[in-house]
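K.L.:
Next come the chains, spelled out residue by residue.
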Amino acid sequence: MPPPSPPPDDRQATDPQTWLNAYGDYLYRYALLRVHDESLAEDLVQETLLAALKGREHFNGQASERTWLTGILKHKILDQFRRQYREVPLENEAGADCEGEDFGMEEFFAADGHWATKPGAWNDPAKSTENAHFWEVLLGCLERLSPRQRQLFVLRELHGSGNAEICKGMDITPTNAGVMLYRARMSLRQCLELNWFGQPRKTEKR
Amino acid sequence: MLNCQKASQLLSQSLDRPLSFRERLSLRLHLLMCDACRRFAKQLRSLRPMAAELESRVLTDDRFKLDERARKRIKRVLHDGGEQGPVS
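Sequences listed follow chains A and B, in order. Read in order, the letters of the first sequence correspond to residues 0 to 205 in numbering that gives the first Met the number 0. Read in order, the letters of the second sequence correspond to residues 0 to 87 in numbering that gives the first Met the number 0.
Chain A with its partners taken away, still in its complex shape (with noise of 0.2 Å):
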């Protein structure tokens, strides 16, 4: 007589090695997009792993487990920005005690508030998400940023937090947060048009 076949087997689903080999590149991924430093993003999975391993009877099973590792993972992002973020010196960061009205972005504007160099037009933006080769002058223009204005930017457009939530996570003020995102957006936008949109391509015709 065969023997009763097994409860369905809830250990090998939080078995942690599995996790690694289910889940590690896609945290891997996660992290490196976040934190632009692959030894750093190896850290952060193994940390989420672990925290995970100590935490795991706390999986509720009602979220998917990578949403759940992906979860864990995110709140460990915001831990390392918060650390680097009080570590880098500010006078590394040209401006970055701004207060009030100061966005300190002297370089793209004149004197009376007029656009220093009128933002140009965009070749054929529609097209450009196509070309693969687009997304890794974005991934180079995040990676120009200066660290405090890629980690407000990641943490307010992929990690989709909302002012209150950054000010929080990272102990700053809203005029600072916003500060902080405009010149990443600023510098991001421009670095696009230098490197991408303001640049003559061949059109290809299909």
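Wrong hints could be hidden among the right ones.
Unchecked claim - Label-pair ranges, simulated between beta-carbon atoms:
{"hint": "1", "chain 1": "A", "residue 1": "126", "chain 2": "B", "residue 2": "59", "range": "15 to 23 Å"}
{"hint": "2", "chain 1": "B", "residue 1": "76", "chain 2": "A", "residue 2": "126", "range": "39 to 47 Å"}
{"hint": "3", "chain 1": "B", "residue 1": "32", "chain 2": "A", "residue 2": "126", "range": "40 to 48 Å"}
{"hint": "4", "chain 1": "A", "residue 1": "174", "chain 2": "B", "residue 2": "24", "range": "18 to 26 Å"}
{"hint": "5", "chain 1": "B", "residue 1": "68", "chain 2": "A", "residue 2": "70", "range": "20 to 28 Å"}
{"hint": "6", "chain 1": "A", "residue 1": "83", "chain 2": "B", "residue 2": "66", "range": "18 to 26 Å"}
{"hint": "7", "chain 1": "A", "residue 1": "126", "chain 2": "B", "residue 2": "55", "range": "14 to 22 Å"}
{"hint": "8", "chain 1": "A", "residue 1": "112", "chain 2": "B", "residue 2": "71", "range": "53 to 61 Å"}
{"hint": "9", "chain 1": "B", "residue 1": "31", "chain 2": "A", "residue 2": "53", "range": "29 to 37 Å"}
{"hint": "10", "chain 1": "A", "residue 1": "146", "chain 2": "B", "residue 2": "48", "range": "19 to 27 Å"}
Stated by the list, open to error - Subject to a maximum C-alpha distance of 20 Å in a straight line, what follows is the list of computed DMTMM-like cross-link-like pairs (lysine to aspartate or glutamate):
{"hint": "11", "chain 1": "B", "residue 1": "74", "chain 2": "A", "residue 2": "42"}
{"hint": "12", "chain 1": "B", "residue 1": "64", "chain 2": "A", "residue 2": "37"}
{"hint": "13", "chain 1": "A", "residue 1": "73", "chain 2": "A", "residue 2": "46"}
Unchecked claim - To give an idea of the chain B side of the interface with chain A (calculated C-beta under 7 Å), a few residues:
{"hint": "14", "residue": "0"}
{"hint": "15", "residue": "13"}
{"hint": "16", "residue": "18"}
{"hint": "17", "residue": "32"}
{"hint": "18", "residue": "47"}
{"hint": "19", "residue": "55"}
{"hint": "20", "residue": "56"}
{"hint": "21", "residue": "62"}
{"hint": "22", "residue": "63"}
{"hint": "23", "residue": "65"}
{"hint": "24", "residue": "73"}
{"hint": "25", "residue": "80"}
Calculated directly from the structure, the hints in this document are not laboratory data. Remember, predicted model here, so these are calculated numbers, not experimental data. All C-beta atoms in this analysis are idealised placements derived from N, C-alpha and C, irrespective of residue type, glycine included.
Got chain A; can you put chain B on it based on the hints?
P.N.:
For chain B alone, kept in the frame of chain A given last:
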């Protein structure tokens, strides 16, 4: 009167918080008169969907992988962590 610099700041802020009625009004008036800022506004707003698509591409990009050395290290750490894990 709003100048381009101030308009660009408000445009960025509009992505993070609701603008006040006064802010919206002065921004709208400026954009009516200023084609450079209209262009800028469109480009600035395109950054968010671009970031989202970049993310979905990176998450499925096989060029980015945990390398073997890191994988082994993590495996070992998890194994050790598991040994001294909480008793259930």
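K.L.:
If a hint holds in the structure, say so; if it doesn't, say that too.
P.N.:
Verification of the supplied hints:
no., hint, in the structure
1, 126/A to 59/B: 15 to 23 Å, "holds (21 Å)"
2, 76/B to 126/A: 39 to 47 Å, "holds (46 Å)"
3, 32/B to 126/A: 40 to 48 Å, "violated (30 Å)"
4, 174/A to 24/B: 18 to 26 Å, "holds (22 Å)"
5, 68/B to 70/A: 20 to 28 Å, "holds (27 Å)"
6, 83/A to 66/B: 18 to 26 Å, "holds (23 Å)"
7, 126/A to 55/B: 14 to 22 Å, "holds (19 Å)"
8, 112/A to 71/B: 53 to 61 Å, "holds (57 Å)"
9, 31/B to 53/A: 29 to 37 Å, "violated (58 Å)"
10, 146/A to 48/B: 19 to 27 Å, "holds (24 Å)"
11, 74/B to 42/A, "holds (12 Å)"
12, 64/B to 37/A, "holds (10 Å)"
13, 73/A to 46/A, "holds (11 Å)"
14, 0, "violated (10 Å)"
15, 13, "violated (11 Å)"
16, 18, "violated (12 Å)"
17, 32, "violated (12 Å)"
18, 47, "holds (6 Å)"
19, 55, "violated (10 Å)"
20, 56, "holds (6 Å)"
21, 62, "violated (10 Å)"
22, 63, "holds (5 Å)"
23, 65, "holds (5 Å)"
24, 73, "holds (5 Å)"
25, 80, "holds (5 Å)"
Violated hints, listed in ascending order, are 3, 9, 14, 15, 16, 17, 19, 21; each of the other numbered hints is respected by the structure.
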